[in-house]
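Chemist: The primary structure of each chain is shown beneath.
2 protein chains.
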Amino acid sequence: MAAVTHHPFLSSKLLQTTKPNPIRIGPTAVRMSLQETAPSLAVVGVTGAVGQEFLSVLSDRDFPFRSIKMLASKRSSGKRLTFQGCDYTVEELTADSFDGVDIALFSAGGSISKEFGPVAVERGTIVVDNSSAFRMEEKVPLVIPEVNPEAMDGIKLGTGKGALIANPNCSTIICLMAATPLHQRAKVQRMVVSTYQAASGAGAAAMEELELQTREVLEGKSPTCKIFKQQYAFNLFSHNAPVLSNGYNEEEMKLVKETRKIWNDKNVKVTATCIRVPVMRAHAESINLQFENPLDEDTARNILKNAPGVVVIDDRASNLFPTPLEVSNKDDVAVGRIRCDVSQEGNHGLEIFVCGDQIRKGAALNAVQIAEMLL
Amino acid sequence: MAAVTHHPFLSSKLLQTTKPNPIRIGPTAVRMSLQETAPSLAVVGVTGAVGQEFLSVLSDRDFPFRSIKMLASKRSSGKRLTFQGCDYTVEELTADSFDGVDIALFSAGGSISKEFGPVAVERGTIVVDNSSAFRMEEKVPLVIPEVNPEAMDGIKLGTGKGALIANPNCSTIICLMAATPLHQRAKVQRMVVSTYQAASGAGAAAMEELELQTREVLEGKSPTCKIFKQQYAFNLFSHNAPVLSNGYNEEEMKLVKETRKIWNDKNVKVTATCIRVPVMRAHAESINLQFENPLDEDTARNILKNAPGVVVIDDRASNLFPTPLEVSNKDDVAVGRIRCDVSQEGNHGLEIFVCGDQIRKGAALNAVQIAEMLL
Numbered sequence: 042m043a044a045v046t047h048h049p050f051l052s053s054k055l056l057q058t059t060k061p062n063p064i065r066i067g068p069t070a071v072r073m074s075l076q077e078t079a080p081s082l083a084v085v086g087v088t089g090a091v092g093q094e095f096l097s098v099l100s101d102r103d104f105p106f107r108s109i110k111m112l113a114s115k116r117s118s119g120k121r122l123t124f125q126g127c128d129y130t131v132e133e134l135t136a137d138s139f140d141g142v143d144i145a146l147f148s149a150g151g152s153i154s155k156e157f158g159p160v161a162v163e164r165g166t167i168v169v170d171n172s173s174a175f176r177m178e179e180k181v182p183l184v185i186p187e188v189n190p191e192a193m194d195g196i197k198l199g200t201g202k203g204a205l206i207a208n209p210n211c212s213t214i215i216c217l218m219a220a221t222p223l224h225q226r227a228k229v230q231r232m233v234v235s236t237y238q239a240a241s242g243a244g245a246a247a248m249e250e251l252e253l254q255t256r257e258v259l260e261g262k263s264p265t266c267k268i269f270k271q272q273y274a275f276n277l278f279s280h281n282a283p284v285l286s287n288g289y290n291e292e293e294m295k296l297v298k299e300t301r302k303i304w305n306d307k308n309v310k311v312t313a314t315c316i317r318v319p320v321m322r323a324h325a326e327s328i329n330l331q332f333e334n335p336l337d338e339d340t341a342r343n344i345l346k347n348a349p350g351v352v353v354i355d356d357r358a359s360n361l362f363p364t365p366l367e368v369s370n371k372d373d374v375a376v377g378r379i380r381c382d383v384s385q386e387g388n389h390g391l392e393i394f395v396c397g398d399q400i401r402k403g404a405a406l407n408a409v410q411i412a413e414m415l416l
Numbered sequence: 042m043a044a045v046t047h048h049p050f051l052s053s054k055l056l057q058t059t060k061p062n063p064i065r066i067g068p069t070a071v072r073m074s075l076q077e078t079a080p081s082l083a084v085v086g087v088t089g090a091v092g093q094e095f096l097s098v099l100s101d102r103d104f105p106f107r108s109i110k111m112l113a114s115k116r117s118s119g120k121r122l123t124f125q126g127c128d129y130t131v132e133e134l135t136a137d138s139f140d141g142v143d144i145a146l147f148s149a150g151g152s153i154s155k156e157f158g159p160v161a162v163e164r165g166t167i168v169v170d171n172s173s174a175f176r177m178e179e180k181v182p183l184v185i186p187e188v189n190p191e192a193m194d195g196i197k198l199g200t201g202k203g204a205l206i207a208n209p210n211c212s213t214i215i216c217l218m219a220a221t222p223l224h225q226r227a228k229v230q231r232m233v234v235s236t237y238q239a240a241s242g243a244g245a246a247a248m249e250e251l252e253l254q255t256r257e258v259l260e261g262k263s264p265t266c267k268i269f270k271q272q273y274a275f276n277l278f279s280h281n282a283p284v285l286s287n288g289y290n291e292e293e294m295k296l297v298k299e300t301r302k303i304w305n306d307k308n309v310k311v312t313a314t315c316i317r318v319p320v321m322r323a324h325a326e327s328i329n330l331q332f333e334n335p336l337d338e339d340t341a342r343n344i345l346k347n348a349p350g351v352v353v354i355d356d357r358a359s360n361l362f363p364t365p366l367e368v369s370n371k372d373d374v375a376v377g378r379i380r381c382d383v384s385q386e387g388n389h390g391l392e393i394f395v396c397g398d399q400i401r402k403g404a405a406l407n408a409v410q411i412a413e414m415l416l
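Chains A and B, in that order, give the protein sequences. Just so it is clear: in the first sequence, position 281 is 322 by this note's numbering, and no numbers are missing. Just so it is clear: in the second sequence, position 232 is 273 by this note's numbering, and no numbers are missing.
Note that these hints are calculated values from the structure, not bench results. For every residue, glycine included, the Cβ atom is placed at its ideal position computed from N, Cα and C. One or more hints might be untrue.
Said to hold, decoys possible - Listing some non-contacts, in silico: residues in chain B with all C-beta distances to chain A over 12 Å:
1. Thr78
2. Ser100
3. Pro105
4. Glu187
5. Gly201
6. Lys202
7. Val297
8. Val318
9. Gly377
10. Leu391
Said to hold, decoys possible - Derived DSBU-like pairs: lysine-lysine, alpha-carbon spacing no greater than 30 Å straight-line:
11. A:Lys270 to B:Lys371
12. A:Lys371 to B:Lys310
13. B:Lys262 to A:Lys298
14. B:Lys310 to A:Lys267
Stated by the list, open to error - Heads up, incomplete: computed chain A residues facing chain B, CB under 7 Å, no partners named:
15. Thr265
16. Ile268
17. Phe269
18. Val284
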């Protein structure tokens, strides 16, 4: 188990693994107990919030491996961390890092993926990339294992052939985990999404900034704005992704485009408004669905109750529905507020409210699940 | 000026007016400088967040009055406060409180309004009621002065005839301030709203609870949950209003029904998801609009720039759009993220993002503006 202590909302605890550790047993530790047939792994961007969560999820799921490389930028190289009782030193990512690596989990930003993803593939590594770098490339599968596992057909371990597989954007994963089972039944024609996105989506430093700013504001001080250019504590703002010429920001257009690709449906209409709220690590989404075929709310609720990776929290009497805090550090995406849309007729519309851990199912868990499908 | 010091996000400063003041000049102070023709006022629920804001707005707008009564529950009676340099003692609200009162601004909850609103009307008082008690009664005008001033036709001061006028719900006011000018041009057919609602909507005690909880969580303590039954700090949850049999909560159905009444359009389709976010005093709303007639985004932006009580903040290059913090303590509702909806064709849809001070335009300012129309 990675020595990551997850506090449900505070970030400063998140990177305790990177504390120097006096014992150093070499750059790539080998787990003695594992069969030689297990794949060799690499984690790229291991000191980041998602990188840390990769380790946590690999451990939680007993992912088999014969070796694991901890890779990061030069700045982080030399840092030491403990994983499953072994001590590792973070290595600097270079082209040679991928020699002999079967599966690499990337989460170090789009430019690192663009530079090193193809290099790894050339050396025979299957790359599961959490960045947006390759998501919309036609030949790169964009995969949520519960939704479109078939997109990975043909990619196999042990052939010596590398490949790129893209992990969708966190908001897309969380949205489609809930919307897909309903889409499969009644066919979504149009989807209107408004997000409530946590600090974690902008990385560990953003979580730290939210915490720091909150302390400052409570002390009557001016908030420190380094990651975001405006006050985040007790405030919210339009997602910080660049705004495109059509007025949508990149985060919103990811939801629009990735949904079409994952559902393999060029005609599905999606619109989104992405907002950053002062929550630490789980996203929420208000989703309005318009269906081609009628779907009543009881049927929808039952479909969702039986959907893999989904939990329904929909207690109207007690007013208990999904919250970001409740899903933090959890694998399942929670769905609630399931109700027939009063603005649509004939059971052709539903409103739902969804929460999912941005770092876990929104990133690391989904990537590790993709890797599991290769085993 | 009321001695209310508004901190933009923290509540503990909000009720400084109720600090005991050594000078007491009687229950109903008379402003010497005002003409005898100005109306006599009463503020019901004066110690609450909205009640305090009534005083602030009356003062900011130089609302003329010959006398003003500070009314609240028995629990608060005897408290002293300073308003425009005069000291007042809060009086217990009784049936006799309204003798000689021309205009009463009510914000003490629905049950107080139900009990004392008709009593006041009987005594010849024109009641502007901030609660939901009478909003949907057919004969009670539901008014946003910039939107449907004509609904108040026939209600006049000085006739000795009392009347009820309802102040819409805060989410409705903020939504319709932005949506109405667009509706007037292109006719809204359907509106999908997701809210990001501040603590202030649940009163001063909720703002205090958010502040307290945040301090507790930062100190690693369990959060105190008195007003809300779950953690609010660094979290969000479905609005705490009771959930109805159709799965919508009361807050959401207010948006649906009040929009129809204010626009005098029984056919307009509205759906809403109302979420409480850890922000102090201003609401945000993501609004998706479907129009009968085409409306391009430049025209929409110009319409909004010229709309009374609306300010457009829509700087795509700098990624600067409305935030709750920016509109806190401001009169205008801010609109941004104005863009043609990519999920609709032929300029028949728009996405907008709106922020408005819940206590001010969402409650006290709107009520005082209604009262101004009586002058």
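Chemist: Checking a non-interface call: every C-beta of chain A should be farther than 12 Å from the C-beta of Gly377 of chain B. Is that right?
Modeler: Violated: least Cβ distance 7 Å, not greater than 12 Å.
Chemist: Over 12 Å to the closest beta carbon of chain A is the bar; see if Val297 of chain B clears it.
Modeler: The claim breaks: Val297 of chain B does not keep its Cβ more than 12 Å from every Cβ of chain A (closest is about 6 Å).
Chemist: Checking a non-interface call: every C-beta of chain A should be farther than 12 Å from the C-beta of Leu391 of chain B. Is that right?
Modeler: Per Cβ check, Leu391 of chain B is inside 12 Å of chain A; nearest 10 Å; violated.
Chemist: Holds or violated: is the Cβ of Lys202 of chain B farther than 12 Å from all Cβ atoms of chain A?
Modeler: 37 Å, holds
Chemist: Would you check whether the claim that Ser100 of chain B is not at the interface survives, using Cβ distances to chain A and the 12 Å cut-off?
Modeler: 25 Å, holds
Chemist: Just to be careful: measuring from the Cβ of Val284 of chain A to every Cβ in chain B, is the smallest value less than 7 Å?
Modeler: 4 Å, holds
Chemist: Keeping to a limit of 30 Å between CA atoms, is the pair of Lys262 of chain B and Lys298 of chain A held or broken?
Modeler: 42 Å, violated
Chemist: Please settle this one: Val318 of chain B was flagged as non-interface, so is its CB more than 12 Å from every CB on chain A?
Modeler: The claim is violated: Val318 of chain B sits with its nearest Cβ about 5 Å from chain A, within 12 Å.
Chemist: If you take the shortest Cβ to Cβ gap from Ile268 of chain A to chain B, is it below 7 Å?
Modeler: 13 Å, violated
Chemist: Run the distance test for Lys310 of chain B versus Lys267 of chain A: straight-line Cα separation, threshold 30 Å.
Modeler: 42 Å, violated
Chemist: How about Thr265 of chain A: closest beta carbon in chain B under 7 Å, or not?
Modeler: 15 Å, violated
Chemist: Just to be careful, I want the Cα atoms of Lys371 of chain A and Lys310 of chain B compared with a cutoff of 30 Å; is the pair within it?
Modeler: Given pair Lys371 of chain A, Lys310 of chain B is violated - Cα atoms ~37 Å apart, limit 30 Å.
Checked against the numbered hints given earlier, the structure breaks hints 7, 8, 9, 10, 12, 13, 14, 15, 16, 17 and satisfies all the rest.
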